[in-house]
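Keeping the supplied structure of chain A fixed, place chain B upon it in accordance with the hints.
Next come the chains, spelled out residue by residue.
There are 2 protein chains.
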Amino acid sequence: MIPIEEATKIVLGHSKSYGEEMAPLSEAIGRILRQDIHADRDFPPFTRVTMDGIAIRFNAYANGQRKFPIEGMQAAGSPQRKLHNLDGCLEVMTGAILPENTDTVIRYEDVKIENGVARLQANGIEKGQNAHLRAFDRKEGERIIKAGSIISPAEVGVAATVGLSALKVAKLPTVAIISTGDELVQVEETPEPHQIRSSNVHAIASTLYGWGIHPDKLHIADDMDATQAKLSACLEQYDVLILSGGVSKGKFDYIPAALSALGMKKLFHKVKQRPGKPFWFGESPNGKVIFALPGNPVSAFMCTMRYIRPWLRKSLELEPMDYAHAVLAEDFKFKPDLTYFLQVRTFFDPDTGRLMAKPVEGHGSGDLANLVDADGFLELPREKDKFKKGKVFPLIFYR
Amino acid sequence: MIPIEEATKIVLGHSKSYGEEMAPLSEAIGRILRQDIHADRDFPPFTRVTMDGIAIRFNAYANGQRKFPIEGMQAAGSPQRKLHNLDGCLEVMTGAILPENTDTVIRYEDVKIENGVARLQANGIEKGQNAHLRAFDRKEGERIIKAGSIISPAEVGVAATVGLSALKVAKLPTVAIISTGDELVQVEETPEPHQIRSSNVHAIASTLYGWGIHPDKLHIADDMDATQAKLSACLEQYDVLILSGGVSKGKFDYIPAALSALGMKKLFHKVKQRPGKPFWFGESPNGKVIFALPGNPVSAFMCTMRYIRPWLRKSLELEPMDYAHAVLAEDFKFKPDLTYFLQVRTFFDPDTGRLMAKPVEGHGSGDLANLVDADGFLELPREKDKFKKGKVFPLIFYR
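So the protein sequences, as listed, match chains A and B.
The first sequence begins at -5 in our numbering and counts up by one.
The second sequence begins at -5 in our numbering and counts up by one.
Where hints are given, some of them may not hold.
Remember, identical chains collapse to one label, so a pair may be satisfied in a single copy or spanning two.
[Unchecked claim] Taking lysine-lysine pairs in the DSS-like style, the calculated list, with each CA pair at most 30 Å apart, reads:
#1 121 - 327
#2 352 - 383
#3 352 - 224
#4 165 - 378
#5 121 - 61
#6 140 - 3
#7 121 - 380
#8 327 - 10
#9 162 - 211
#10 10 - 140
#11 327 - 259
#12 121 - 271
Because the hints were derived from the structure by calculation, they are not lab data.
Next comes chain A alone, as it looks inside the complex:
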């Protein structure tokens, strides 16, 4: 049995890269960018009018000019026009290129137009106002987005602007999630009194969809030969196996033995934590990764969030432990020499800007319903057994 720090180090030490692929913009959200994005032109690419009104040469205003004959109109999307009478003006529309020989835009609100002349109605005109200077934000060739970013709507907007309709992103591992245990029936089936429906595979799979991973969901019966045969086939087909159940001391807990018989290397079995103590982790000689989680729903879910998610983040070259932190809202005690992942419900205290965590303990690792009442796990260190209200702890948030 090893402490969580060691288990974490071993899990993260076995992160893998799965290469790259192209994703169209409409499917890129949440994926990890594997290319730098550069400005293909200056940002903005031309000095851009930012208010509807008239464009003048500031010198004319500085020399006392207040009436500007209108030479014409510069619309957005039209080639650049030129002001010929340097004391005149052109009407300009937001988004248009600023006309040649002009440098300053006066809003319609600040002029009165009569008989083809714009008469100024305001004071304090400043040179260059209401014009967004070419290259003011970024220069052509400058890097705007670094490879490794998680693609959000902002990145999608920039990608569209520079002409990328698809982005190079990190390819994702193929995953099988496999339940074990003869007490399990499928969700569509009606269980006998001694049976329950399989739920872990669905809950675990749901944590992966947001990354763009759509795992296959499988089941293995409590039989050594069947277990070996199915695991062997899965190890051929998938990059990652996530197993649920069959890792404890039961007579039919075939998973560790079956994996060992197939030549898998056990990297650890059992972690000083509650829930999730019987967690087994290993890899195949050719680098397939196997997370064999305990079958209790709270244990399986906690291990998914605390180990598989950081492993995936590391594999995608993200900071693996993207912990939030929260303030324990009530005193709490936990005696065993284990790291305790306390189920909590979090809320923001608007007065202090602090994220608070209220314990929602439930009835142990079999209490699936309690996962619904909580929204995270607060990680309480093994070294202590009393945890004071007001102290800050790492939070694994799952909503």
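Using the frame of chain A, we list chain B on its own:
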């Protein structure tokens, strides 16, 4: 021009319900549940063994019994067995139904098994230990999840357990996002010097995918007849139109006039805010909703997060303003009589558990690249013009 509070009230006052539909579990994440979920059986449905070991009758232990002849084995997934010799035991596996005539489970770690007899190696056995009592978590018929919840992996797990392979969820509106402005070309095209690529439609659409909305992306040329024709067709086809550009004072800002000519009711035009002042909002006689946003990328994006998202949340019967709060990390000044949505980069201060927001101002509402450097908008109230470091403000977070 109205204050943001009034604009918010009007927008939220025009939320709509779009009915219900069924979503399979694998597509339910992030959707809004439209049914209560009840326990179809007790939780757990039978008194469940939670440790591998032996099951005994506690009275035997209380009467001094320390050696328990093994009558057989109760495997997980097998019908309930019965202990016949009340001083004996049955081996039991995690997940199994607790055998009749037993009430207490002793872990394998605490017994020694020889010649068909389990000899106790530990003290302090407690009645009922390592058995998860039937109905201890929830009773059959009890509501476990309330209609209106956002479906997360925990809800998916519970749904699977109670036998729901699909869930009744809120149906989503059909949406068209329409760019305007003759300066725009499509992402695949090479812009002329006075043109730019369309990016708002992609960024706005990206904020909707996570809800399960996959909007159509369209463009309208700066022409009154074309604008009316296309808007008219869209108002037939979609529940919601999101327009970008064409709402300001320009000669070709046809959107408000075209919408008015089509019989749309203007609910407001212009809001006391920066960015996003020219924002227009209205509805059709038959309840179609129209958000006409300014064309500047930061303005369009801010209005999407600050108005469209809350409108959608309200339409889905969620708390519309799901603000986080963050602590301003630096002093900041903003004079105009407008609510200022300050672009910020947030980070957790692990010492205090406070979410901090550092200003990342950028070069105004045309500075698309700055959206990438920031991750949220801090909402600074109109009534003030000096904002002190350490004060807490509402945060619109967009990553």
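Query raised in the report: What are the numbers of the hints the structure violates, in ascending order?
Result: Hints 3, 4, 8 and 11 not satisfied by this model.
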